[in-house]
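A.B. asks: Okay, here's what each chain looks like letter by letter:
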Amino acid sequence: MTTQVAERLVEFVDALRLKGINAGPSETIDAAAALEVLGFDDREVLREGLAAALVRRDGQRDVFDMTFDVFFPAGVGTPTAVQDSEDDLDAEQLRALLAMALADDDARALTQLAEVAVDALGAVGQEGSGTQGWSAYQTLDRLRPQTAVAQALAMRGGGAGSGQGQSGQFTDRLERDEVRRGVARFRELVAAEARRRTAEVRGRQTVARHAVAQSKDRVDFLSANAHQLAELRRAVQPLARKLATRLAARRRRRRRGQIDIRRTLRSAMSTGGVPVKPVYAAPRPSRPELVLLCDVSGSVAGFSQFTMLLVKALSDQFSKIRVFAFVNAMDEVTDLIKDGSGDLIGPIQSGARITKWHTSSDYGEAFGDFVEQYLDAVGPRTAVIVLGDARNNNQHPRFEALRRINERSRRTYWLNPEHGSRWGLGDSEALGYADIVPMYECCNVEQLSGFVGRILPV
Amino acid sequence: MTRTMHFESVVDVKSKLAEVGYLASDAVATTVFLASELGKPLLVEGPAGVGKTELSRAVAAACGAELVRLQCYEGVDEARALYEWNHAKQLLRISAARGEESWDEARSDVFSEEFLLPRPLLTAIRNDGPTVLLIDETDKADVEIEGLLLEVLGDFQVTVPELGTITATQRPFVVLTSNATRELSEALRRRCLFLHIDFPSAELERDIVALKVPDLDATLADSVVRVVNALRSAGLRKAPSVAETLDWARTLVALGAPVLSDQIVEESLGVVLKHQDDIDKARTTLNLSELV
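Taken in sequence, the protein lines are chains V and P. First residue of the first sequence? That's 1 in our numbering, and the numbers climb one at a time after it. First residue of the second sequence? That's 1 in our numbering, and the numbers climb one at a time after it.
These aren't lab readings, by the way, just hints derived from the structure by calculation. It should be emphasised that the depicted structure is a prediction, and the values quoted were computed from it without experimental measurement. All the pointers check out, no bait thrown in.
Below, a list of computed lysine-lysine pairs in the DSBU-like style, where the Cα atoms sit at most 35 angstroms apart: (1) P:K274 to V:K312; (2) P:K140 to P:K212; (3) P:K274 to P:K140; (4) V:K312 to P:K238; (5) V:K242 to P:K274; (6) V:K277 to P:K89; (7) V:K242 to P:K140.
Construct all of the structure, not just a fragment, from the sequences and the given hints.
C.D. replies: Now the structure itself:
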């Protein structure tokens, strides 16, 4: 293996580590061995080979693919598809071509179109100025691929392509969705192509660091976009199942070891004082009650929603769960959570009284409400979890209310989706509240599942 | 230690697996080729019913190797996975001798090959011919068994205190499967090549249906695959996998349906979806509700 290839590989692995794929030296060596066995003849084979050696779990593959495209690009410079097309195409013509490709469901044509589109519509910055690059956002904004959907559907209906879709067939109703999925794929292709072209100008590391998305369990709750949040929601069920199995294992192990000394000695009397058969203590399953206090104001709604869904999925681990939501007024939403699936915030905002005279969050007011109206929900077997960023909009924090809740409960925790470095800055009362109850930083799924795994009952 | 498998190239893997009725995607073929070339175990994850277990069967059939299978479950232990002494037989042997033997004789006699019950791991290691070792549903086993696997998969040798160390003459081709109900330990993952088998692309799935259910009309097969793909993207509790597609295709053949119609889909939806709320959701996705 030449040093050049080895260097490229090490750079690649470095970039992966930055994105949370922890590949150690032994994985790098595996990857190098794979490179040697597979050669550089077929790019897709190489991609799969490196993935087999470097990726260790599901959910990291998207990140791997994006980084791979940056470090091992399919070509250099202007793609041949662009050079082949003789005259410059404008957005209108590209859209027509796109509709055609979507109607035929032609993956090759989509790839080429993405290349042409980025070249024609995506150039930003000035040449040689350090700001030069290609923007996927600008390309898509000018091309507006979603407008090609209707056109593609019309073409399909007219019997274009492989002759499928005569009207009246059962599969006709699937076509709209299929075309939409085609558009989504096209968007990804454009993004990948823009990253590749930009990487050539700005350097691979820069692009890999900034333009490749984080892997799913490391996405920040506070900065996640709608698509990422939907993806997180889908991850709830598998995550809950994983946590439940971990708990079951822990419970089993605990049951094995506990010897009831008193009863063992008592039964030893029948064998002359020799404890032939140890007597085990009967397991006392403790399933605590859980009370969730969720800030559902815009800034932390994504985080609260994910946590509520997770707790709901884990509901058989608790004897009783009550959920309260607030912005600046506290209201019980247990029933809304129980019935709802998918989006929870919408029903809560329309169905519960969570605001008073203004619409920004006020923790002090909400805790005060809770102490006045719902304090009997908290008892000596209750664990209380507060979800929120403790940004109080400079209202009175009412520490004594939280202190009362804490005194009544078995344990009270606070999960804060903000980075620990920002606690206490601006209107954040995090440090004050953290003096009363333990506060945990919970920016992403990784940290949240770690916390839930720790506090769940054994 | 020699390698069991010999594949020429990725293309060779594909064609050999296709001969025994397993259509491999690029990802699967590449990883199998790498695993056989580098002599590393292959850890396969993915949703249920995409052909994880089937893959090892196909590799075994393609290479004329013996398939040794260790099915993991909660509480599987060394005695079930590695080896066990045949106690009953040992007792019989001792009582048959009636104390006419010296202690040394009896001891060396009772702990000999004859009284050893080899379990899958030991069987695979002692096998002289080409072997494929399948460790199925590794995630169901306890964490302790992973430590055992590390030792066995690292050096391909097993130490039986009374007999000495048994080393493999042939390096078996090892496949571990997992449904990810539990995170496997980092140490085990590190020793394996990782393969995530996902739902196949539409073209590949069409080919699979054509291969496994040859009686099904090609256009109908196409429609079946398209409907299943639509169901997969509908966010169901349990997305239908290849096994369900094939079941459905067989059902349609049995029903003698010429084309997909609302009624036929409505009647046979239970073959594809196994949860009631999934079926309800699918009805709205496929606009079936206005009919019934």
